[in-house]
Amino acid sequence: MLDRITPVLLTMNEAPNIIRTLARLDWARDIVVVDSGSTDATLELLAANPRVRIFHRAFDTHAGQWRFAVEETRIATDWVLRMDADYLVTPELRGELAALEPPAGVDAYRVRFGYAMYGHPLLASLYPANTVLFRRGKAEVFDKGHTEGWRIAGPVGELEGRIVHDDRKPMSGWVGSQLRYMQRELPHMKASGGMKAWLRRHPPLMPVVTFLYVLFGRGLIFNGRAGMFYALQRLLAETMLSLLVIEERMKDEERD
Numbered sequence: 001m002l003d004r005i006t007p008v009l010l011t012m013n014e015a016p017n018i019i020r021t022l023a024r025l026d027w028a029r030d031i032v033v034v035d036s037g038s039t040d041a042t043l044e045l046l047a048a049n050p051r052v053r054i055f056h057r058a059f060d061t062h063a064g065q066w067r068f069a070v071e072e073t074r075i076a077t078d079w080v081l082r083m084d085a086d087y088l089v090t091p092e093l094r095g096e097l098a099a100l101e102p103p104a105g106v107d108a109y110r111v112r113f114g115y116a117m118y119g120h121p122l123l124a125s126l127y128p129a130n131t132v133l134f135r136r137g138k139a140e141v142f143d144k145g146h147t148e149g150w151r152i153a154g155p156v157g158e159l160e161g162r163i164v165h166d167d168r169k170p171m172s173g174w175v176g177s178q179l180r181y182m183q184r185e186l187p188h189m190k191a192s193g194g195m196k197a198w199l200r201r202h203p204p205l206m207p208v209v210t211f212l213y214v215l216f217g218r219g220l221i222f223n224g225r226a227g228m229f230y231a232l233q234r235l236l237a238e239t240m241l242s243l244l245v246i247e248e249r250m251k252d253e254e255r256d
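With this note's numbering applied, the sequence shown covers 1 to 256.
None of these hints come from the bench; they were simulated from the model. In this text, a Cβ means the ideal position worked out from N, Cα and C, and glycines have one as well. Don't take each hint at face value.
With beta-carbon atoms standing in for the labels, derived distance ranges [claimed, not checked]:
id, residue 1, residue 2, range
1, 47, 155, 17 to 27 Å
2, 225, 177, 34 to 44 Å
3, 217, 171, 36 to 46 Å
4, 212, 3, 26 to 36 Å
5, 84, 47, 18 to 28 Å
6, 27, 191, 14 to 24 Å
7, 126, 156, 14 to 24 Å
8, 198, 119, 35 to 45 Å
Think about it this way: if two alpha-carbon atoms lie no more than 25 Å apart in a straight line, the pair counts; the simulated DSS-like pairs of lysine-lysine are [what the hints assert, rightly or not]:
id, residue 1, residue 2
9, 190, 144
10, 138, 190
11, 144, 196
12, 138, 196
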């Protein structure tokens with residue numbers, strides 16, 4: 001099955017991550033990368049790998065980038081593996097993909113995620129399972145909050161092997177990215193229902209709940225420094241959204 005899969009990645013200043021990610025894709029004959037204007041060593045590192053085809057596209061939305069990456073890069077295989085530049089395919093998942101024989105009616109597979117902080121594996125995270133492997137032409141991408149969503153034409157299977165999320169970009173870049181994500185998430189959050197959206201609409205509930213849940217409810221207190229780092233990252237991300245909510249309301253009530 002491996003020779004029927006093309007990994008596809010989006011990049012923007014991913015020099016701290018991309019070599020490790022590509023090393024876990026050494027089984028792929030063709031790797032498609034769509035870059036949205038990297039200014040670090042990302043493009044040089046990609047160009048050094050003969051299996052990588054690089055495309056350039058200015059970023060508009062995640063859905064727009066993925067639509068271009070999947071539909072306009074001359075992918076020849078039947079299956080696409082949708083990857084972020086900080087995703088690591090585990091040996092278990094690689095073996096499962098090699099042995100996979102998808103039934104005719106299955107159009108995609110969902111994969112669960114592990115999480116690591118600078119190589120230190122976490123006991124748990126808030127990162128959800130995702131549909132990352134799909135038949136070309138059977139997945140439709142759409143804008144969803146700060147990121148994108150996917151509609152799959154047919155049934156979706158489950159894989160046992162995992163992908164590990166391990167982003168090693170510096171905190172300065174992470175903070176900027178999270179602020180941009182939360183700015184795009186704000187209108188989506190305002191229109192959403194459910195407990196999560198309700199907590200986010202009532203600052204500072206969500207930052208406090210998230211921090212305590214991650215650290216104690218998910219057991220990351222036992223992960224030492226790495227667990228605390230992740231819990232504080234989630235606290236900071238939710239605090240950014242809370243500040244945006246409060247800022248918007250204060251502007252609505254702005255006085256002369």
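Notebook entry, point to check: So which of those numbered hints doesn't the model satisfy?
Noted result: Hints 1, 2, 3, 4, 6, 10, 12 are the ones this structure does not satisfy, whereas the remaining hints hold.
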